[in-house]
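For the protein sequence lines, the chains are G and Y, in the order given.
With the first letter of the first sequence counted as 1, position 236 gets the number 236 in this note's numbering; the numbers rise by one all the way through.
With the first letter of the second sequence counted as 1, position 284 gets the number 284 in this note's numbering; the numbers rise by one all the way through.
Hints were generated in silico from the structure; no laboratory data involved.
Please note that the accuracy of each hint is not assured.
Unchecked claim - Here are a few chain Y residues that face chain G, going by a calculated C-beta distance under 10 Å:
# : residue
1 : N11
2 : K15
3 : S74
4 : R125
5 : L167
6 : S176
7 : D232
8 : D239
Claimed, not checked - Covered stretches of chain G, as calculated for chain Y (at least 3 residues, CB under 8 Å):
#  : region
9  : 42-49
10 : 80-88
11 : 177-184
12 : 198-212
13 : 222-231
Said to hold, decoys possible - List of simulated lysine to any residue pairs, SDA-like, C-alpha gap at most 20 Å:
#  : chain 1 : residue 1 : chain 2 : residue 2
14 : Y       : K211      : Y       : K273
15 : G       : K160      : Y       : L183
16 : G       : K253      : Y       : K273
17 : G       : K247      : Y       : L183
Think of the CB as a built atom: it goes at the ideal place given N, C-alpha and C, for glycine as much as any other residue.
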Amino acid sequence: MKILVSVKRVIDYNVKVRVKTDHTAVDLTNVKMSMNPFCEIAVEEAIRLKEKGVASEVVVVSVGSKTCHETLRTALALGADRAIQVDTEDGLDSLSVAKLLAKVAQEEAPDLIIMGKQAIDSDNNQTGQMVAALLDYPQATFASEVVVESGDAQATNEIKVTREIDGGLQTLAITLPAVVTTDLRLNEPRFASLPNIMKAKKKPLDVKTPADLGVDIGSNISIVSVTPPPQRAGGIKVGSVAELVDKLKNEAKVVS
Amino acid sequence: MSVLIIAEHDNKSLKPATLNAVTAATQIDADVHLLVAGFECQTVVEQAAAVAGVTKVMVADNAVYEHQLAENVSKLVVEIASGYGHILASATTTGKNTLPRVAALLDVAQLSDVIKVESPDTFVRPIYAGNAIATVKTTDAVKMMTIRSTGFDAAVTEGGSAEREVLSQVIASDRSRFVKEQLAESDRPELTAANVIISGGRGMGNGDNFKLLEGVADKLGAAIGASRAAVDAGFVPNDLQVGQTGKTVAPDLYIAVGISGAIQHLAGMKDSKVIVAINKDEDAPIFQVADYGLVADLFEAVPELENSL
């Protein structure tokens with residue numbers, strides 16, 4: 001089976017975000033960037049399926065400016081076979097990204113598309129579902145387990161995916177080709193070794209443009225402002241449980 | 001133009017998050033319609049029709065909609081979408097699963113986790129794990145959005161008398177099949193709807209120690225939550241997780257026990273009215289957002305708290 005994985009370059013999850021003083025956006029100059037954590041899990045899952053002999057080829061794709069080559073090289077160092085950059089400006093909306101990814105998927109014809117459930121910058125949680133809709137593929141979002149039983153996928157073309165839902169877990173059987181989006185609990189991503197990082201430099205990386213893919217990108221959404229969230233007033237430290245209970249009852253009045 | 005909300009339910013009762021979406025919808029337009037797609041879901045329809053502010057309930061009752069798979073519900077919504085200026089769903093796992101699919105089929109963008117309605121085309125939503133707040137304007141013909149329930153009050157569940165319409169469309173999804181569900185059982189209030197929450201983190205040490213929190217939870221009528229660290233360590237099931245990748249809560253009182261206060265956890269609870277932190281590390285970041293902090297060993301402080309309530 002051939003697997004297509006999408007990855008996004010985002011601000012590193014440990015960075016404390018600063019909003020620009022003109023309130024137009026978050027300040028990304030000289031900020032550490034990394035692969036979106038949910039995308040790392042998607043890459044890891046694809047590579048594990050390859051190691052199990054289920055997948056034959058893993059192709060990674062990223063939509064954005066040239067800087068995302070670094071993210072693609074990271075995925076190649078982790079074990080992906082080749083990479084595709086769709087050359088656009090950064091920060092497109094989910095629908096535009098989904099249209100570009102759907103076109104790449106039509107060209108590549110993967111059996112399975114694995115994506116992160118959301119990017120930690122825009123927090124949209126949309127792209128995987130949109131790709132599935134545009135391709136009319138079934139979807140299994142927020143996956144915590146992907147099971148491809150031996151022979152199963154060939155015979156029935158079906159995989160079983162356990163999803164994290166609000167009340168607990170739900171298992172779906174979906175027919176390939178399909179889209180799966182990853183939740184954090186799906187796996188523990190590996191680190192790239194230095195030899196693999198060196199080898200990744202020689203792996204193929206193709207560049208495509210929206211025009212190549214025949215996608216017209218534009219958005220009807222505009223940012224009016226980006227502001228810091230309201231700050232919580234500094235609290236106090238209490239010396240004992242008795243004092244805490246007293247404050248909750250008589251000052252905050254949240255306990256009767 | 002009317003507003004359509006995809007109602008969330010389990011075929012037996014309407015989920016509370018739908019009530020918050022109704023409030024958001026009434027701030028956009030007075031004509032609010034609810035779609036109930038499910039199987040043998042008549043009680044849900046009764047509840048939906050009684051919600052104040054709802055003018056019409058559309059019912060698609062068929063075995064194909066029993067588990068509200070995104071593949072069929074999205075196509076059903078597309079079939080009835082014309083005439084609506086806005087289509088809303090709750091920002092729950094069900095809403096997040098289905099709505100982007102509808103948006104793509106309608107070729108419009110979507111706004112996720114809306115916390116405020118500025119006007120019928122301008123909305124407010126958190127980005128970067130709640131560390132920035134974006135105000136966005138959309139000129140899409142149909143404005144699609146998921147509603148974060150903690151941003152809006154719940155609509156009143158009685159007094160409404162909505163008109164009803166039965167939908168006959170049967171959209172089967174032959175490439176996605178429900179296999180099973182494992183739901184966590186609990187007598188406590190639902191996490192996202194609770195007025196009081198007590199959460200444990202890695203500092204709890206193990207799953208058995210979470211029983212310590214139960215005594216306090218019982219006395220306060222609280223729900224029990226957890227940090228990602230506690231879930232990953234296998235102390236408690238993941239549906240208790242509060243945070244960017246778990247549930248977003250905003251109770252009157254949030255008690256964080258043995259939780260350091262990582263960015264990802266704060267994203268899920270920092271809109272709580274009063275935050276209490278109990279942690280033995282006085283430098284833990286949780287103390288920067290806590291209204292009342294107690295530097296103490298939780299294994300002594302929690303039983304003492306239970307006894308003094």
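Which of the numbered hints above does this structure break?
-> Numbers 1, 5, 9, 10, 12, 14, 17, in rising order.
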